[in-house]
Amino acid sequence: MRSMRIAQVSPLYESVPPKYYGGTERVVSYLTEELVRQGHEVTLFASADSTTRARLIPPCRVSLRLQKECIDQLAHHIVMLELVAKHALDFDVIHFHIDYLHFPLSRRQSIPHLTTLHGRLDIPDLVPLYREFAEMPVVSISTAQRVPLPWANWLATVHHGLPKELYRFHPAPGKYLLFLGRISPEKRIDRAIEIARRIAMPLKIAAKVDNVDRQYFKQIIEPLLTLPGIEYVGEVGDGEKDELLGNAYALVFPIDWPEPFGLVMIEAMACGTPVIAYRQGSVAEVLDDGVTGFIVDGLDDAVRAVERVKELDRRHCRQVFEERFAVARMAREYLVLYERLLDNRSATNVTLHVASG
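In this text, residue positions in the sequence shown follow the working numbering: the first is 1, and each later residue adds one.
Hints in this document: simulated from the structure, not taken from any laboratory. Where hints are given, some of them may not hold.
Stated by the list, open to error - Computed cross-link-like contacts, DSSO-like style, restricted to lysine-lysine with a CA-CA straight-line distance of at most 30 Å:
#1 Lys218 <-> Lys175
#2 Lys68 <-> Lys208
#3 Lys218 <-> Lys164
#4 Lys208 <-> Lys175
Unchecked claim - Label-pair restraints from in silico Cβ distances:
#5 Ala88 <-> Ile220: 26 to 32 Å
#6 Leu224 <-> Lys310: 32 to 38 Å
#7 Pro124 <-> Ile78: 30 to 36 Å
In this text, a Cβ means the ideal position worked out from N, Cα and C, and glycines have one as well.
Whenever a hint applies, use it, and build me the whole structure from the sequences.
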């Protein structure tokens, strides 16, 4: 495969990789570093507090969530789009991770590009936008993510991947359940607490609270944190995640929304920790029911699943992670897409040349 000049354009809300929580920026980091490792010339557009072996072009000095004085986050992304446009001729392909912000710009440029959509798409406002920009090449992170927009210009589905060395395999199960992620209504931490209460097992909660969810946390969740056996750890970074995930009996993923992927599920698998997840969104694509965890349909089902975790082989969880969710596989699939875009442009240029001749 030819060496390529590749731009990765990240959201600016978190650094790449994030210091704490941040799924999209974390995936951008894994992909960027793997492409560099494979010998490609990669440029990363991300906040200046990012850490990378790629060439870094920063539109802002620090990730926006850490900028207390930042009021208009969109302004910094517009600056980034201008920087991408100025450097566009330096690249063979531009890989965007910022949803649809660049669509008007990309429509007017000739550089091959694609966009990985990392978020939920079941929002009515998105329909006229994606209808207008129907030619934009997009990538889903699960087949389930496509359901609201099946007619979009989907190039492929590419599941996320992690570096194999990022998390250690932990062969022995711990004695607590774990909720890891973000506290918000759709993540249903209240369900996790009720599962732990019914099974009489300790629950550790490692999660951040966004400003938009602060009232929900105060009114609904915070009173539950005083229940026996419930420990709120707060937001954690990569160093702490290995121990928390690896020493857990099981990860509880009781979502109530169309989850586009769920990175924490494969982080748990990497440690050998089984996952108990509600049947929503991408869950059935990521988990092998009865192998790497259990897919459940309610509280009673979830409680029974906790009781059955002892039937699962933690070593097999790790094996499935290495086979299906390693970063090398993710990078390889994206490189195939980059090649396809470059080949399509070459074919178009040949056609135009013949026609004009």
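Evaluation of the provided hints:
For a cut-off of 30 Å, the pair hint linking Lys218 to Lys175 stands: about 28 Å separates their Cα positions. Distance check on the hinted pair: Lys68 and Lys208 sit about 17 Å apart at the alpha-carbon level, within 30 Å; holds. A distance of roughly 38 Å separates the Cα atoms of Lys218 and Lys164; the hinted pair therefore is violated under the 30 Å criterion. The suggested pairing of Lys208 with Lys175 holds, with an alpha-carbon distance near 23 Å, which does not exceed 30 Å.
Separation of Ala88 from Ile220 is about 46 Å and departs from the stated range, judged on CB atoms against 26 to 32 Å. Take Leu224 and Lys310: their Cβ atoms lie about 27 Å apart, and the range 32 to 38 Å is violated. The supplied range of 30 to 36 Å is broken by Pro124 and Ile78, whose beta-carbon atoms lie about 25 Å from each other.
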